[in-house]
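Chemist: Residues per chain are reported as follows:
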Amino acid sequence: MLPFDFEYYRPQSLQEAVDLFQSLQRQGKQSMIFSGGTELLTLGRIDLAFTEAVIDIKDIPECNSLQVNEQRLLLGSALSLTKIEEANVFPLLTKISSGIADHTAREKITLGGNICARIFYREIVLPFLLADSQVLLSGPLGERIVSIHDVFQEELRVEPGEMLIQLAMESKYIRAPFYAFKRRQQWETGYPLITIAALKIDQRIRIAISGLCPFPFRSQEIEASINHKGRTIEARIDGALAVLPQPILADVEGSAEYRLFVLHNLLFDVLAALDQVQG
Amino acid sequence: MEVIGKSVIRKDALDKVTGRAKYTHDFQSIPMLSGKMVISPYGHAKIVSIDTTDAWEIPGVRAILAGEHFPLTGEAIRDRPPLAVDKVRYHGEAVALVVADTPRIAKKAADLIRIQYELLPVVNSPTQAFQKDATLVHEHLGEYKKEEDSTPVPNSNIANHIKIRKGNMDQGWAKSTTVVEASFSFSPSDHVAMEPRCARAEIKHDGNIIIMTSSQAPFMVKRLIADYFGEEIGKIVVHTPYVGGGYGGKAPVQLEILAYLASKAVGGKPVEILNTREEDLISSPCHIGLDATVRLGADQNGKFHAAEISYWWDGGAYSDKAIDVTRSGAADCTGPYQIEHVWCDSYCMYTNHTYASPYRGFSHSELSFVIERTIDMLAQKLNIDPLEIRDINAIRPGNRTPTRVLLNRSNVGNLPKCIERVKELIRWDKGAILEVNPRFVRVKGVSTSWKTSTIDTDAPSGAILTFNRDGSINLMSGVIEIGTGTKTILAQILAERLKIDLDKIHVKMEVDTQTTPEHWKTVASRGTFMAGRAVLKAADDVIKQLKNIAAIVLRAPVEDLEVADSRVFLRDEPYTGVPFTDICYGYKYPNGESIGGQIIGRGNYILRNLTHMDQETGAGKPGPEWSVAAYAVEVEFDRRDYTYQILQACSVVDLGKVLNEKTALGQVMGAMNMGLAFAGRETFFYDELGRVMNPQLRTYRPLRYGEHPKYLVGFVETPQLDGPYGARGVGELGLMGMPGALGNALSLAAGVNLNNLPLTPELIWKAKGGSQ
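Chain order of the listed sequences is A and B.
In this text, residue positions in the first sequence follow this note's numbering: the first is 1, and each later residue adds one.
In this text, residue positions in the second sequence follow this note's numbering: the first is 280, and each later residue adds one.
Hints were generated in silico from the structure; no laboratory data involved.
We treat Cβ as the ideally placed atom computed from N, Cα and C, and that holds for glycine.
A few of these clues could be false.
One-sided excerpt, in silico: chain B residues whose CB lies under 7 Å from chain A [as the list claims (entries may be wrong)]:
| hint | residue |
| --- | --- |
| 1 | R383 |
| 2 | Y868 |
| 3 | E967 |
| 4 | K1047 |
| 5 | S1050 |
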């Protein structure tokens, strides 16, 4: 039960959505782009989320695209995680997706919703960071396509009124060798203690991580150390551990020291899986 | 036997699988106001001010209760204000209560109540509470009204102290060539019943108080509300429909009191209070935590001679049921072992945690972890096989319990036989350790447990049987159908005794305290035992009445008659008889004259010869019989990451007699599932302000489907002569040995003593030296 009322809009086109947002803004109404609604419902009922209006984008055709061909993979932001898993167009993405929440929740959780989530794990973004994806945004000033690295730093940073419409990547990433693992506090349910995603492309290993810090990230420094040929595996891992972003999380899932221990072993597994393969 | 032992389908099955079963919150036929609690965000704080001005501005608010001195409540010690006054003692404690037209209005208004707190030092563990200069949770402990056998120590945090003094410790230590000593600790956690607690109350114009509640103890609700508030007990009627799991958490009386006060504040209108999941986790009573130290001595053959045990139970902010848990933990403090010399101090400690309630096993799963880990340490030191040392010391007929009850073949189950069966099921002959490769190892750990139910010595149960015109029978018992299928088993017991078809028995699922005979509480695995005995007595009563009237109709002496297949007939001429339909509402002669009348069967049961425990030595008979069980858990352990998977879990329970195999299996496996979650993952994390850091199912995680291991369940049948058809309680045993067995397996696998719960990979990593 949500303790507040909100206006609900379900635009049928991108333009309608953008107009709506502007009109709500002019009326001074706090509004929220919404698709699956899981965060608004679960955080709203405990007073951690509030909105006066929602713009539900799930009927906008562009937000529901799912295209794959020789050149690229393109995914709409309103696709549910289970849809992405069922299509299974990018095995690494499928693997990361299937570790998020539970199947019932993933029927509702969307690609864009998870990337823009308040709950900071945002694990679904990891494969897109690894694949140097392009992001299609739409806002009052029109559409723009930018590199994910330009707009996703810890979280999606876009202009007011801008919506995440689609993500795209070159198809070569889909076929690249990868390794992914989600370590939880215990067993098979729960948030990540650390989720690691790695792939190898152009003879280099790329690594993105969620759960280590209060944001997901991909780090050039870590990758530089991990790919430092000629050094021992142990030295490459130690080098990576020395250049981690801060702060390291310490919470009910685990202490900071323990997370580093887990990360150490996961980096070892990444190297064991990818160091010797051609990619 | 025709019905007993069969896996008949539960009488509540169709309702539940079709989603039509109704729980307390599902009855929405009458307009109902909603109550919403405002809860404390801190573990320990002075309430400086409560401002309800803005909340009153919301249209639809009917009453706001806050800051008022209501009578103190609490079962053994009256230490708990229904709503906190002056100070809050735990995170989640109800401070104010809004009554409004709808749940939304109530929540809106509750959010607008502004409470100013001033933080107080927090008592964050029972060990800390026990220190001499500890902050006091209750400054006026000496002034509370209390039951005679509770022993709070004024100016301390000790709510109760139970002593066991058996044998002579000096002699015990003299015989012990090997001694181990260890300390243990784990935080409170929760029951996480599927149905959050819900209570509603209405006070009618004639003064009748109608309550509906998801409770394990509706008869207690009636008694306590009468007691606390001076209401006439006969005017209180408590209804309990299906209850969606309780595990002890719904035995305390809490929301019922708030609903009653709320209704009173709005002129008696019906008010409902439904816990959110978060409130259910931290505001309502939780699963008790424990700190403990054990010293255990044995001779070189592995025979135990002495045990010195200290338990500091984390009773939380209010003593309530924790007093009884503390007592029960003392009564069976050693686990199911013959130890001649025993010294135990069991303390119920006040802390700034959610107050505790019983948890499936009632202190026995908690103490079992402590004892079973100690025994493995001792076995290791003596280089004796862990199952063998348990077999050597297993409690047997002729032994005496810590409270000195002499055991015989009936009042204790056969533990050596359970151990034997576990050995076979887990393939103990293949060894406890199997190296998969240098990184992975498969390891088995074992444990045992026992339990007696230390319930009130005068706890009653009753049953009433009435007939329908077609000769079928209505069965009414005060047992709550809480998911265990007990009411189906009662029907089986009745069908067996009357030798009639099970379909001819209609079970009343809902309990209402006005027309249902009292069953003390649906706790302590006493449903089948006590209500079963009452049903048998009621069945005999019915048989007697049927025979009396049939004797007249058939012109035969009563002793020549038999009852079966819904008729009464001559033993030597079975075709001469009279069907129930002709006599259950009186017999009518062809000319219209009638004799007899409606047959109503009644039966009751009360446990016999139970006594209080002696204040100085603990001597006494706290429970009727001791059930026993043996367990094993097999894990695959990753020596690099300290992670593990539970491959198999095994329980062998002596349940006296299998009454319904499928429900018994369901009970044992469900309990094992809970036990493994408690052992491996479930706990509350507290910060320095005593706040629960994981008060949501996002971060508090019971076992989910798919995470469970393979379950191996075995039954041993050593009849308890008093039990219905020899049956013993079974609902709790599957759980109790899981923490010990898992702890033993992982300690062996990791090569380090793991004496805390939950057994997470991080805990093992820390025990192994962590980042050092």
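Chemist: Can you verify the interface hint for E967(B): is its Cβ closer than 7 Å to any Cβ in chain A?
Modeler: violated, 14 Å
Chemist: Hey, does the S1050(B) contact hint survive, CB to chain A under 7 Å?
Modeler: holds, 4 Å
Chemist: Does the interface hint hold: is K1047(B) within less than 7 Å of chain A, judged Cβ to Cβ?
Modeler: Nearest chain A Cβ about 10 Å off; hint violated.
Chemist: Does the closest beta carbon of chain A sit nearer than 7 Å to the beta carbon of R383(B)?
Modeler: It holds, given that the least Cβ distance between R383(B) and chain A is near 6 Å, below 7 Å.
Chemist: Would you check whether Y868(B) satisfies its interface hint, that is, whether its CB is within less than 7 Å of any CB in chain A?
Modeler: This hint is violated: Y868(B) lies away from chain A, its Cβ roughly 64 Å from the closest one there, beyond 7 Å.
Violated hints, listed in ascending order, are 2, 3 and 4; each of the other numbered hints is respected by the structure.
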